[in-house]
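Novice: Chains A and B supply the protein sequences, listed in that same order. Each residue of the first sequence is one higher than the one before, counting from 15 in the working numbering. Each residue of the second sequence is one higher than the one before, counting from 42 in the working numbering.
Hints listed in this document are in silico derivations from the structure and should not be mistaken for laboratory results. Just so you know, these numbers come straight off a predicted model, no measurement behind them. C-beta: ideal position from N, C-alpha, C; glycine also. Do not rely on the hints blindly, as some may be mistaken.
For lysine-lysine, the following DSSO-like pairs were computed, each having C-alpha atoms within a straight-line distance of at most 30 Å [as the list claims (entries may be wrong)]:
hint: 1; chain 1: B; residue 1: K110; chain 2: A; residue 2: K71
hint: 2; chain 1: B; residue 1: K110; chain 2: B; residue 2: K44
hint: 3; chain 1: A; residue 1: K56; chain 2: A; residue 2: K71
hint: 4; chain 1: A; residue 1: K97; chain 2: B; residue 2: K110
hint: 5; chain 1: A; residue 1: K56; chain 2: A; residue 2: K92
hint: 6; chain 1: B; residue 1: K44; chain 2: A; residue 2: K56
hint: 7; chain 1: A; residue 1: K56; chain 2: B; residue 2: K110
hint: 8; chain 1: A; residue 1: K97; chain 2: A; residue 2: K56
Derived DEER-like restraints, expressed as beta-carbon distance ranges [stated by the list, open to error]:
hint: 9; chain 1: A; residue 1: L110; chain 2: B; residue 2: A106; range: 26 to 32 Å
hint: 10; chain 1: B; residue 1: A106; chain 2: A; residue 2: G86; range: 39 to 45 Å
hint: 11; chain 1: A; residue 1: L98; chain 2: B; residue 2: Q144; range: 33 to 39 Å
hint: 12; chain 1: A; residue 1: K97; chain 2: B; residue 2: T46; range: 31 to 37 Å
hint: 13; chain 1: A; residue 1: Q55; chain 2: B; residue 2: N151; range: 25 to 31 Å
hint: 14; chain 1: A; residue 1: Q55; chain 2: B; residue 2: S94; range: 21 to 27 Å
hint: 15; chain 1: B; residue 1: T46; chain 2: A; residue 2: P84; range: 39 to 45 Å
hint: 16; chain 1: B; residue 1: T67; chain 2: A; residue 2: D85; range: 37 to 43 Å
hint: 17; chain 1: A; residue 1: T90; chain 2: B; residue 2: L121; range: 35 to 41 Å
hint: 18; chain 1: B; residue 1: S66; chain 2: A; residue 2: E99; range: 30 to 36 Å
Examples of chain B residues toward chain A, derived with CB under 10 Å [as the list claims (entries may be wrong)]:
hint: 19; residue: Y77
hint: 20; residue: P85
hint: 21; residue: Y87
hint: 22; residue: H117
hint: 23; residue: V141
hint: 24; residue: F142
hint: 25; residue: Q144
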Amino acid sequence: EPEVTQTPSHQVTQMGQEVILRCVPISNHLYFYWYRQILGQKVEFLVSFYNNEISEKSEIFDDQFSVERPDGSNFTLKIRSTKLEDSAMYFCASSLDRASYGYTFGSGTRLTVV
Amino acid sequence: DAKTTQPNSMESNEEEPVHLPCNHSTISGTDYIHWYRQLPSQGPEYVIHGLTSNVNNRMASLAIAEDRKSSTLILHRATLRDAAVYYCILSGIQGAQKLVFGQGTRLTINP
Numbered sequence: 015e016p017e018v019t020q021t022p023s024h025q026v027t028q029m030g031q032e033v034i035l036r037c038v039p040i041s042n043h044l045y046f047y048w049y050r051q052i053l054g055q056k057v058e059f060l061v062s063f064y065n066n067e068i069s070e071k072s073e074i075f076d077d078q079f080s081v082e083r084p085d086g087s088n089f090t091l092k093i094r095s096t097k098l099e100d101s102a103m104y105f106c107a108s109s110l111d112r113a114s115y116g117y118t119f120g121s122g123t124r125l126t127v128v
Numbered sequence: 042d043a044k045t046t047q048p049n050s051m052e053s054n055e056e057e058p059v060h061l062p063c064n065h066s067t068i069s070g071t072d073y074i075h076w077y078r079q080l081p082s083q084g085p086e087y088v089i090h091g092l093t094s095n096v097n098n099r100m101a102s103l104a105i106a107e108d109r110k111s112s113t114l115i116l117h118r119a120t121l122r123d124a125a126v127y128y129c130i131l132s133g134i135q136g137a138q139k140l141v142f143g144q145g146t147r148l149t150i151n152p
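When you get a sec, could you build the whole thing from the sequences and use the hints?
Specialist: Now the structure itself:
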């Protein structure tokens, strides 16, 4: 069964450093997403991406966040200057269609900011 | 975003059916009803979705009320591996629709 692959599985970074979280969505999917989940809290939407541009972003997705699909297969989330409160699980997801198909999530990257 | 209401927790026994309810009284005509689950320390996993008619797949069944204001996820024969948080989510068809996760129902399966 096709999978969404995320790397690394765990990243520790110092406050103020830049991090890039990587995702390889399912190859024929068209819509791409990033979500995050702070420990013990709900899964929160960050951003959706379609046709090489951001479709929607949440209030969380401020200027320190950016997304890119540089080569048609990878989908990356960059956090420019990490803060302690950015510590969370970050999940990438992809879907083929807007609502008539399910979304496939990756297993996540645990980001720890120290 | 249309909201859903689910019980915080439910408990069932292994090898018995489980019925997980969800209320969505403000659902619009174009909202799909999605169910996802999240096993401990894992990402959300798609379970099933539907629009108006009942749906079956290898994981579960989705029963949708005639007025679409409620639905029930049915696990026909629960296993210990089904212990997870189950989310009922409404998603429209305009644009790259995000999923808005609530607190979900934490399902405990007793051996």
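Novice: Determine for every hint whether it applies to the structure shown.
Specialist: So, going through the hints one by one against the coordinates:
{"no.": "1", "hint": "K110/B / K71/A", "in the structure": "holds, 28 Å"}
{"no.": "2", "hint": "K110/B / K44/B", "in the structure": "holds, 11 Å"}
{"no.": "3", "hint": "K56/A / K71/A", "in the structure": "holds, 17 Å"}
{"no.": "4", "hint": "K97/A / K110/B", "in the structure": "violated, 41 Å"}
{"no.": "5", "hint": "K56/A / K92/A", "in the structure": "holds, 21 Å"}
{"no.": "6", "hint": "K44/B / K56/A", "in the structure": "holds, 15 Å"}
{"no.": "7", "hint": "K56/A / K110/B", "in the structure": "holds, 24 Å"}
{"no.": "8", "hint": "K97/A / K56/A", "in the structure": "holds, 19 Å"}
{"no.": "9", "hint": "L110/A / A106/B: 26 to 32 Å", "in the structure": "holds, 28 Å"}
{"no.": "10", "hint": "A106/B / G86/A: 39 to 45 Å", "in the structure": "holds, 43 Å"}
{"no.": "11", "hint": "L98/A / Q144/B: 33 to 39 Å", "in the structure": "violated, 24 Å"}
{"no.": "12", "hint": "K97/A / T46/B: 31 to 37 Å", "in the structure": "holds, 34 Å"}
{"no.": "13", "hint": "Q55/A / N151/B: 25 to 31 Å", "in the structure": "holds, 27 Å"}
{"no.": "14", "hint": "Q55/A / S94/B: 21 to 27 Å", "in the structure": "violated, 34 Å"}
{"no.": "15", "hint": "T46/B / P84/A: 39 to 45 Å", "in the structure": "holds, 41 Å"}
{"no.": "16", "hint": "T67/B / D85/A: 37 to 43 Å", "in the structure": "holds, 42 Å"}
{"no.": "17", "hint": "T90/A / L121/B: 35 to 41 Å", "in the structure": "holds, 36 Å"}
{"no.": "18", "hint": "S66/B / E99/A: 30 to 36 Å", "in the structure": "holds, 35 Å"}
{"no.": "19", "hint": "Y77", "in the structure": "holds, 8 Å"}
{"no.": "20", "hint": "P85", "in the structure": "holds, 5 Å"}
{"no.": "21", "hint": "Y87", "in the structure": "holds, 3 Å"}
{"no.": "22", "hint": "H117", "in the structure": "violated, 19 Å"}
{"no.": "23", "hint": "V141", "in the structure": "holds, 7 Å"}
{"no.": "24", "hint": "F142", "in the structure": "holds, 4 Å"}
{"no.": "25", "hint": "Q144", "in the structure": "holds, 6 Å"}
Checked against the numbered hints given earlier, this structure breaks hints 4, 11, 14 and 22; the rest are met.
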